[in-house]
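Asker: Line order of the protein sequences matches chains D and H.
Those letters in the first sequence? Residues 0 to 348, per numbering that gives the first Met the number 0, in order.
Those letters in the second sequence? Residues 0 to 348, per numbering that gives the first Met the number 0, in order.
Among these hints, one or two may not hold up.
Unchecked claim - DEER-style ranges, computed between Cβ atoms: (1) H:L271 with D:G273: 32 to 42 Å; (2) H:P291 with D:T220: 54 to 64 Å; (3) D:H320 with H:H166: 56 to 66 Å; (4) D:P174 with H:H166: 52 to 62 Å; (5) H:S299 with D:R118: 42 to 52 Å; (6) D:P305 with H:A122: 15 to 25 Å; (7) H:G319 with D:G144: 34 to 44 Å; (8) D:P305 with H:G144: 32 to 42 Å.
Claimed, not checked - Listing some non-contacts, in silico: residues in chain H with all C-beta distances to chain D over 12 Å: (9) V261; (10) P305; (11) I325.
Just so you know, the hints here were simulated from the structure itself, not pulled from any lab data.
Beta carbons: idealized from backbone N, C-alpha and C, even for Gly.
Here is what each chain is made of, one letter per residue.
Number of protein chains: 2
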Amino acid sequence: MSTGFDPLAATCPAPLTEDERVLLGHGSGGRLMAELLADLTPRLGAPATEDAALVTTGAPEIVVSTDGFVVTPRFFPGGDIGSLAVHGTVNDLAMRGAVPVALTLAYIVEEGLPLEELRRVTASVAAAARACDVPVVTGDTKVVGRGAADGLYVTTTGVGVRLPGAHVSAAGGRPGDAVLLSGPIGLHGVTILSTREGLGFETGIASDSRPLHRLAAAMITAGSCGVHALRDPTRGGLSAALNELAAASGVGVELDEPAVPVPPEVAAACDLLGLDPLHVANEGCLVAFVDPARAGAVLSAMRARPEGAQATRIGTLVAGHPGRVIMRTLVGSTRVVDLLVGEQLPRIC
Amino acid sequence: MSTGFDPLAATCPAPLTEDERVLLGHGSGGRLMAELLADLTPRLGAPATEDAALVTTGAPEIVVSTDGFVVTPRFFPGGDIGSLAVHGTVNDLAMRGAVPVALTLAYIVEEGLPLEELRRVTASVAAAARACDVPVVTGDTKVVGRGAADGLYVTTTGVGVRLPGAHVSAAGGRPGDAVLLSGPIGLHGVTILSTREGLGFETGIASDSRPLHRLAAAMITAGSCGVHALRDPTRGGLSAALNELAAASGVGVELDEPAVPVPPEVAAACDLLGLDPLHVANEGCLVAFVDPARAGAVLSAMRARPEGAQATRIGTLVAGHPGRVIMRTLVGSTRVVDLLVGEQLPRIC
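Bound conformation, chain D alone:
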């Protein structure tokens, strides 16, 4: 999630006071983060509803997105900070219907980092970028003293060109739209947490980190103007992504709990750790609001690609309770799926 999005602007968060300090929870993708962004983004005069911005330079339409990566550990099952940075940025572009055309790479390095590690990350950035068919065109390296960073931070920025016919936006959802999810949730967050804390869950699972631009393009081709909104549920998980889109679109979301794919290993880890899988970060799936008349065609197109092989419909948009996400549980009751207040899993991406 980027500072671009401010789900609480409409609901008037309590103003942050003068003497408050930044908390880990301010980086969570949850309610504290939303409050921080509601405080900061008006100072920039920036539109605050997307992770990637459209830049008007004439045709073609240019889309830009930026993301910092501070994940710890830097190497984990399924990826590393380098591949994660490339995928995260490519995916933010893809969620605006854009094909990536260039990436930039900025390192902040702590003095004393083994050069071999910097080489490994750089090789991983290069390999991931090649696999996405996007060049790394420029970069920057800053070195800070020991103790002034934790090894390595990576900031990537992507420049993309919008696909003709792509009209996706966070505000695009309409009542009646199908809510589609491209694959199982919770894998990235549980993998990072387990690897970092030595919990052992990571032996059975790996991060889902991967690029989604080809999947998004296939969906837009199959669904045309019927693909109304796309979002990759990263920090804050599926819950944050759906709450953000619901708020921006002014619609309610009704989820069908049994339809939400949670891998058994993720469910087991979340049970043990007291986490809600809906709040756990993902780096390789997307959620979409799609016109019901095109939902079948879009779902077929998703399933035809490896990264969408397990795509499924998880719910429907409704006119009632705009901005709220409601889950119909297995036993037929309903519950509100809300943003977390603070930090569940710091430094997950």
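With the hints as your guide, set chain H onto chain D.
Answerer: Using the frame of chain D, we list chain H on its own:
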């Protein structure tokens, strides 16, 4: 300076060994940094001669640049980390003959930073961007635990559109070109160092941090194809900028020492601290290689703008000693102006 540039690729630096670690000097803009970049950039397959990259998306030509800012202190006479980030990125675009059309902003924040400070920096980013006529279109905020960063790091990326008729490139210099400098050198570096260490020099001076895109545009309008190369001498100072351009252009540079404008406060501070003003960072001046037939017109255009009021000719390009910068001193002798090996002033930008 960004990782885009690798002045030593042609001169075969000693390969870095397996067990080496990143040193502060690897971020210096000097020879150690050049060696690190020579090691890393081939892994990215990135062209390695500019701070900003041209992206081919059709017309108009898009230019992209990224830079991380880790300056300490974050607030200093003449600016702060926010305005510095905006100016630095706008200037990297300007050095490719591009007008900025969009900025992105990524924060890495240490837990515990006073929110008021984050607000001040954000307001400063916004004010600097407005003054440059460029919007901040998207951003990202990551929070890391106490001790995992030093307060706040800022990474900005700029997207620009190249001016019609701009043919500037690092490799554009030709023997006979005039070497023009837009203003006095050393102000930024001495201000930061003096403020950080409490040396007291900063009472008389301030950082020269400011945008140079309007100056660059005026030069290109006045000089047309005669403006061959532009560079802002940031990390590593005028020495690094000239060495980089000389290497990329395959020409020698002859500087005239009395013509290089060093403010008395900078000279005094450098004398006392054992620094060479040619190695001290700047954030508000540029150096240009210009066709001698257009140099007069370009110099007039520079002097007509406040940021170029003190523009002057400091030397000439020669066919001899390609890649080397030679200074004719006051007493008529010559000396080689080389890259520093390691770190002179860490965290200067």
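Asker: Does each hint hold? Answer for all of them.
Answerer: Against the structure, the hints:
Separated by about 60 Å at the C-beta atoms, L271 of chain H and G273 of chain D break the suggested range of 32 to 42 Å. Distance hint check: the CB atoms of P291 of chain H and T220 of chain D are about 55 Å apart, consistent with the given range 54 to 64 Å. As the Cβ distance of H320 of chain D to H166 of chain H is approximately 58 Å, the hint placing it in 56 to 66 Å holds. For the pair P174 of chain D and H166 of chain H, the supplied restraint of 52 to 62 Å holds, since their beta-carbon distance comes to about 54 Å.
Separated by about 49 Å at the C-beta atoms, S299 of chain H and R118 of chain D satisfy the suggested range of 42 to 52 Å. About 46 Å separates the C-beta atoms of P305 of chain D and A122 of chain H, a value inconsistent with the hinted range of 15 to 25 Å. At roughly 41 Å, the beta carbons of G319 of chain H and G144 of chain D sit within the given window of 34 to 44 Å. For P305 of chain D paired with G144 of chain H, a C-beta distance near 36 Å keeps the hint of 32 to 42 Å intact.
Residue placement check: V261 of chain H keeps its beta carbon more than 12 Å from all beta carbons of chain D (closest about 26 Å). The non-interface label for P305 of chain H is consistent with chain D: the shortest C-beta to C-beta separation is roughly 25 Å, beyond 12 Å. Separation of I325 of chain H from chain D is adequate, the least Cβ-Cβ distance of about 29 Å exceeding the 12 Å criterion.
In terms of the numbered hints stated before, the structure departs from hints 1, 6, listed from lowest to highest.
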